[in-house]
Amino acid sequence: MTVLTFKFSSTECNGWPKLRFCVDDDVLVEYDFDSDTASVDIPLDLIDGNHVLEIERYGKTDNQTNQLVTLEDIYIQDVRLPDWFKSSGTFYFHDQAIQSGLIWHPNGKFILNFCTPIINWFVDQRLERWGPIESLFNPSQHNKQRLYQSLAEFEQELNDVKV
Amino acid sequence: MTLKYKKIALVASAQLGLARAPAGLAFLAGVCEHLDIDYSIWDLNLELYKRQGQSVWDNCNEYTYNDLDLLPEDLKNQATSLLKEIVLEIKQSGSDCLAMTVFSYVQMQWTEWFLKLCSEYIPDVTVILGGPGVSSIYQLRHTDLVFGAWALEQKLTDYYVLGEGDQVFPEFIKGQTDMLGLNCVGKTQTWQPQIEDMDAQIRPSYKKINLDFYQSPNNKKIITLNGSRGCVRRCTFCDVGAQWKKFKYRSGQSLAQEIKKHHNDTGVRDFWFSDSLINGSMKQFNELLETLKQYQLTDLHFSGQFIVRPSQSHPERMYKLMAETGFTHIAVGIESGSERVRDHMGKKFSNQDIDYHLAMCERYGITNYFLTIVGYPTETEQDFEDTLNMYRRYQRYVINHTILGINLKYTMTILPNTPISTMQQELDVEWIHGEGNQMEWRSGSNPDLTVKERYSRWIRLVRLALDLGYNLSEEVLIDIATNKRKALSVRENAIVDRTARYIPIQAPTELLS
Chain Y
1 MTVLTFKFSS
11 TECNGWPKLR
21 FCVDDDVLVE
31 YDFDSDTASV
41 DIPLDLIDGN
51 HVLEIERYGK
61 TDNQTNQLVT
71 LEDIYIQDVR
81 LPDWFKSSGT
91 FYFHDQAIQS
101 GLIWHPNGKF
111 ILNFCTPIIN
121 WFVDQRLERW
131 GPIESLFNPS
141 QHNKQRLYQS
151 LAEFEQELND
161 VKV
Chain H
1 MTLKYKKIAL
11 VASAQLGLAR
21 APAGLAFLAG
31 VCEHLDIDYS
41 IWDLNLELYK
51 RQGQSVWDNC
61 NEYTYNDLDL
71 LPEDLKNQAT
81 SLLKEIVLEI
91 KQSGSDCLAM
101 TVFSYVQMQW
111 TEWFLKLCSE
121 YIPDVTVILG
131 GPGVSSIYQL
141 RHTDLVFGAW
151 ALEQKLTDYY
161 VLGEGDQVFP
171 EFIKGQTDML
181 GLNCVGKTQT
191 WQPQIEDMDA
201 QIRPSYKKIN
211 LDFYQSPNNK
221 KIITLNGSRG
231 CVRRCTFCDV
241 GAQWKKFKYR
251 SGQSLAQEIK
261 KHHNDTGVRD
271 FWFSDSLING
281 SMKQFNELLE
291 TLKQYQLTDL
301 HFSGQFIVRP
311 SQSHPERMYK
321 LMAETGFTHI
331 AVGIESGSER
341 VRDHMGKKFS
351 NQDIDYHLAM
361 CERYGITNYF
371 LTIVGYPTET
381 EQDFEDTLNM
391 YRRYQRYVIN
401 HTILGINLKY
411 TMTILPNTPI
421 STMQQELDVE
431 WIHGEGNQME
441 WRSGSNPDLT
451 VKERYSRWIR
461 LVRLALDLGY
471 NLSEEVLIDI
481 ATNKRKALSV
491 RENAIVDRTA
501 RYIPIQAPTE
511 LLS
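Taken in order, these protein sequences are the chains called Y and H. Residue numbering for the first sequence follows the working numbering, beginning at 1 and increasing consecutively. Residue numbering for the second sequence follows the working numbering, beginning at 1 and increasing consecutively.
Read the hints as simulated data drawn from the structure, not as lab findings. Model, not experiment: these values are computed from the prediction. Among the clues, some could well be false.
Unchecked claim - No more than 30 Å apart at the CA atoms, straight line, and that leaves these computed lysine-lysine pairs for DSS-like:
#, chain 1, residue 1, chain 2, residue 2
1, H, K221, H, K283
2, Y, K162, H, K220
3, H, K260, H, K246
4, H, K320, Y, K86
5, Y, K144, H, K452
6, H, K320, Y, K7
7, H, K220, H, K348
8, Y, K144, H, K207
9, H, K220, Y, K144
10, H, K7, H, K207
11, H, K221, H, K208
12, Y, K162, H, K7
13, H, K484, Y, K162
Claimed, not checked - Computed far set for chain H versus chain Y, every beta-carbon distance over 10 Å:
#, residue
14, L3
15, L16
16, N59
17, R233
18, Q257
19, K347
20, E362
21, E381
22, Q395
23, V398
24, T402
25, E440
26, A487
Glycine residues also receive a C-beta, built at the ideal position from the N, C-alpha and C atoms.
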């Protein structure tokens, strides 16, 4: 099972913030802060396809004006995900929407879209989102299908090798 | 100071990667400058690319790694014309000595070709050969002589150096020819002994090497550094231990000073370490990191080969310092996902150590390029499955480039002068004729690991790497074609020979004792 880990910071003001995590409208985890940082694990056991993750900030009252939550980082199996992923989310509150809104003052919902298998999906997004790799290593630019085809041809001819 | 020669032609043999200038040329240039003798430089590899174009270079490259004698006539003519052109330029330069560096066994045929033209057009120029390739046995010419000795026998060279060229070359220029390491003087101890004090070495020079022409990724200009000779491991598949008996290293401070000098002289920000391991000596490595941090040189980038160790030896602070000073691209010889196989290889790290290493690299933004061996003589199907599972397990590290790519060039090669080549009896190894040189063998102690099985595993691993999104080398398509040709050459000529491919250890006893 894949685990997404969300790292937050928060401020206390007449109590700590509360979060509720849902995937495809199914509540997976509810979390009440008890300090100014938090790490929340969300286990994902989903069928392959598109999904919606919703983090609801709820329970904030009028006398908790300075209480806020900031989404700092997201990890998958201890690997920090690139910033584009958290920035692709939108924070909805009242009748407003803030794209890449990572600091949550009022009650509202932060929505992230993703695909499963999730690691494959992130790997596929990698080059497209990150641009050329700043490295001393030249990765293959070959068309994947061509490589698969060459391997299949090699495998076919290998059948004739008897040694 | 009286010198025997008035001008030296420095030549690096073809072909090897185009990413960096050959370190051997910079070393020779450094000696010339140190002795204040005029010199000119030719890198045959680069000149082939520059003057004949990418397509000719690519086509030749495929034969370089197999048998250059099979080069098609049109390519042969183009390459001959280039080599002749350079020989005539050397003649025109007025050089009375030609010092040629041969990086590895792969460059022997090019060197032979070039030297034949030299003997025809510049017979009066004194030729001296050096570099690691000179000490490789020239199997292709059915000799048990090392390449340098073979070239001397064929009257293609006047001198060849075995061992530390750093010691021999400066004295040679002064006229000294009676030295250990030069033309096998001493007979039983034929190599120039290993340098004890590497800090006293003459430093390489890149002043006459135009780094603009090299084809590094992202058009970076890269300078090669060397901080050590030998290795702290004796991995069974590697011949470094036969070349350098002891592990010797420069101080971290001296290395940091050289980096600072190159950066100030050339503005270069990217450096490649040619060492077997950049962290062979933890004392040196930590000192280097600390000194570079003190220098506060920003935006420098270092790459090199790195060994995984347990967390006690590689504390988190080391990874933090690596990131702060620019050691952010490392090549790691993981070799196998099976601890049993790695133990036999002598790698001395566990799967848990790899987990820790990757977690630290992930934390500090250090990218890894994993080196992998498919079909090690003791590798069973389960061991190979362990390798596949390792890459499945680590796929998440591809997301943020903690694992940047995998090197999967060939199947297991049993090189002469490696510990594994001395285990022939124990592993019941027999050789099979084919184009693959040291790649076509089978082991009676692991009969399921046939040549066919090794290529089959190679295909399975490349396919999995593609499935999981690992980066492969830009040469992967050529690698597939080359492996296919080698595999099929075995089918056509499957004569088993238990001795023909076995080359006894040739390095002198002084180095092997």
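Hint check:
no.	hint	in the structure
1	H:K221 with H:K283	holds (29 Å)
2	Y:K162 with H:K220	violated (46 Å)
3	H:K260 with H:K246	holds (28 Å)
4	H:K320 with Y:K86	holds (25 Å)
5	Y:K144 with H:K452	holds (24 Å)
6	H:K320 with Y:K7	holds (21 Å)
7	H:K220 with H:K348	violated (34 Å)
8	Y:K144 with H:K207	violated (42 Å)
9	H:K220 with Y:K144	holds (27 Å)
10	H:K7 with H:K207	holds (17 Å)
11	H:K221 with H:K208	holds (14 Å)
12	Y:K162 with H:K7	violated (57 Å)
13	H:K484 with Y:K162	holds (14 Å)
14	L3	holds (38 Å)
15	L16	holds (15 Å)
16	N59	holds (18 Å)
17	R233	holds (23 Å)
18	Q257	holds (23 Å)
19	K347	holds (22 Å)
20	E362	violated (6 Å)
21	E381	holds (16 Å)
22	Q395	violated (5 Å)
23	V398	violated (5 Å)
24	T402	violated (7 Å)
25	E440	violated (8 Å)
26	A487	violated (6 Å)
The structure is inconsistent with the numbered hints 2, 7, 8, 12, 20, 22, 23, 24, 25 and 26, although it conforms to all the rest.
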